[in-house]
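Protein chains in written order, with this note's numbering: chain A, 1 to 112; chain B, 1 to 115.
Be aware that one or more of the hints could be misleading.
Stated by the list, open to error - Which stretches of chain A does chain B cover? Using the computed rule of at least three CB atoms under 8 Å from a CB of chain B, they are:
hint, segment
1, 13 to 23
2, 43 to 51
Said to hold, decoys possible - 25 Å max Cα-Cα, derived PhoX-like pairs, lysine-lysine:
hint, chain 1, residue 1, chain 2, residue 2
3, A, K42, B, K78
4, A, K45, B, K11
5, B, K16, B, K71
6, B, K15, B, K71
7, B, K11, A, K42
8, A, K79, A, K42
9, B, K62, B, K16
10, A, K111, A, K45
11, B, K62, A, K2
12, B, K16, B, K78
13, B, K78, B, K62
14, A, K111, A, K42
To be verified - Away from chain A, derived, C-beta distances all over 12 Å, residues of chain B:
hint, residue
15, I13
16, V55
17, G85
18, D86
No lab work stands behind these hints: they were computed from the structure.
Think of the CB as a built atom: it goes at the ideal place given N, C-alpha and C, for glycine as much as any other residue.
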Amino acid sequence: RKEVEQDPGPFNVPEGATVAFNCTYSNSASQSFFWYRQDCRKEPKLLMSVYSSGNEDGRFTAQLNRASQYISLLIRDSKLSDSATYLCVVILYGGSQGNLIFGKGTKLSVKP
Amino acid sequence: EAGVVQSPRYKIIEKKQPVAFWCNPISGHNTLYWYRQNLGQGPELLIRYENEEAVDDSQLPKDRFSAERLKGVDSTLKIQPAELGDSAVYLCASSFGSEGGTEAFFGQGTRLTVV
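So here's chain A without its partners, still in its complex pose (with noise of 0.2 Å):
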């Protein structure tokens, strides 16, 4: 079983409409969690950081399960310019401790 496991997707959505992205973790001993958005051909960037108590930032609101061991984030309102691929990240403490570990990523493709 991968460490973190994503939906490859693609989602294709209307403008407007409301998305959502879970992300499945295998490693219990995973203390922190991140959301990073990739554009084609360029780097991964930090989109928003996953807290227990979930957090919103905009139209974006990431969710965290610890018990399941499931992350989620929602984005309302799709924009054009929200068409990338989404990468769920873990952070690992124990083995690996303090490496961050990618799922293999959702692609969003928002249309007119």
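Since the structure of chain A is provided, determine the placement of chain B on it from the hints.
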């Protein structure tokens, strides 16, 4: 403030040739990562440095890959000899803090094509 700088941006080499990538992290960042990203996949960790010490190189194919981070700042990643399967984007990232644990900032990557 300058971000993570990598060079070259692109490299095309024949198989069995050597190749080297260079990374200059964000000033003050003690943690440096090298990742490899294949098309349609997420980045996969090759090696992580804390200052000049390689604290995790368990995923680095040591028969052909080597890395160094002299003086705990710049880093180089070398492949010798390169194989067709090494074609990928090699990403360098840096972060601040002990034992990693914080978000990392990435360079633009080096796109390697082995022919």
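Failing hints, ascending?
Going through the list in order, the structure violates hints 1, 5, 6, 16 and respects the others.
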